[in-house]
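Trainee: Chain residues, written in single-letter form:
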Amino acid sequence: DTAVSQTPKYLVTQMGNDKSIKCEQNLGHDTMYWYKQDSKKFLKIMFSYNNKELIINETVPNRFSPKSPDKAHLNLHINSLELGDSAVYFCASSPGLADPLGTQYFGPGTRLTVL
Amino acid sequence: AQKVTQAQTEISVVEKEDVTLDCVYETRDTTYYLFWYKQPPSGELVFLIRRNSFDEQNEISGRYSWNFQKSTSSFNFTITASQVVDSAVYFCALSVYGGATNKLIFGTGTLLAVQP
Numbered sequence: 001d002t003a004v005s006q007t008p009k010y011l012v013t014q015m016g017n018d019k020s021i022k023c024e025q026n027l028g029h030d031t032m033y034w035y036k037q038d039s040k041k042f043l044k045i046m047f048s049y050n051n052k053e054l055i056i057n058e059t060v061p062n063r064f065s066p067k068s069p070d071k072a073h074l075n076l077h078i079n080s081l082e083l084g085d086s087a088v089y090f091c092a093s094s095p096g097l098a099d100p101l102g103t104q105y106f107g108p109g110t111r112l113t114v115l
Numbered sequence: 001a002q003k004v005t006q007a008q009t010e011i012s013v014v015e016k017e018d019v020t021l022d023c024v025y026e027t028r029d030t031t032y033y034l035f036w037y038k039q040p041p042s043g044e045l046v047f048l049i050r051r052n053s054f055d056e057q058n059e060i061s062g063r064y065s066w067n068f069q070k071s072t073s074s075f076n077f078t079i080t081a082s083q084v085v086d087s088a089v090y091f092c093a094l095s096v097y098g099g100a101t102n103k104l105i106f107g108t109g110t111l112l113a114v115q116p
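Protein chains in written order, with my numbering: chain H, 1 to 115; chain E, 1 to 116.
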C-alpha cells in the first residue's frame, strides 16, 4: 500500500539512449510533480501536473518529456541521455486545488546513472 | 525572489545532545507554507511538518520541535536528546503558489550526524 511508487529504483544506461521512469500514486491526489536531486543533494522542481494538465515547466531541456495518462500516473521520458542527467529523480503528489499549498508526498526516488 | 537558506552544511553531535537546524526563507508572498523533510541514508524523502504563514505557534512532536518566527523569516528545527537514527539530511522548504499547483523551493540541506 505504498502511497507514491516509482519504477525503476535504479537505472544505468549509456549516453545517447532514451529511458523512461514511471510514477504512480494511490493517495487520490490531483497534482503530481517531478523533482531532480543532483550529486550535491540539491532538489529542484522540474514539472508539475494538475489533473493531467502541465502546469509548471521549470526551463527543463525538451529532451525531458513528462506524460500523465491519468491523474494517478506521471511518467518521465528522457531522450538522448547526457552525462549531466545523472541524478536522483523524485516523483511527488499533493492534493491539488482542494489544498493548493498542500503537503507533497514523495516517492522513493530513481537513481539514474548515465555512462 | 523566493529562497531558502540552510547555512549549516553539516552538524555532528553525540547521542543525547540537543541540536538545532537553522532555516531562513525569503518570499514576498503573504500566503505560503514552510516544510521540513528528512532524507535518511536510504534516500527517501520523509515529510516531517508543514506550517502556514499565518500560524506562528511553535510545535512539538515528541523529541522534535519547530520555532517559526516571521519577524526574522526563520523556521528552525530542534531535536532534543538526539539519537543515531536521527542521522540524515534535513531539508527546509518553502511552498509558493505556482498556478493550479504549488512548488517546493528547497534549501541545500543540513547533514546531521549523530555519533553513538
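Certain hints may be false.
[As the list claims (entries may be wrong)] Below, simulated DSBU-like cross-link-like pairs (lysine-lysine); rule was C-alpha separation at most 35 Å, straight line:
| # | chain 1 | residue 1 | chain 2 | residue 2 |
| --- | --- | --- | --- | --- |
| 1 | E | K3 | H | K67 |
| 2 | H | K67 | E | K16 |
| 3 | H | K67 | H | K40 |
Read the hints as simulated data drawn from the structure, not as lab findings.
Trainee: Output the numbers, in ascending order, of every earlier hint that fails for this structure.
Mentor: 2
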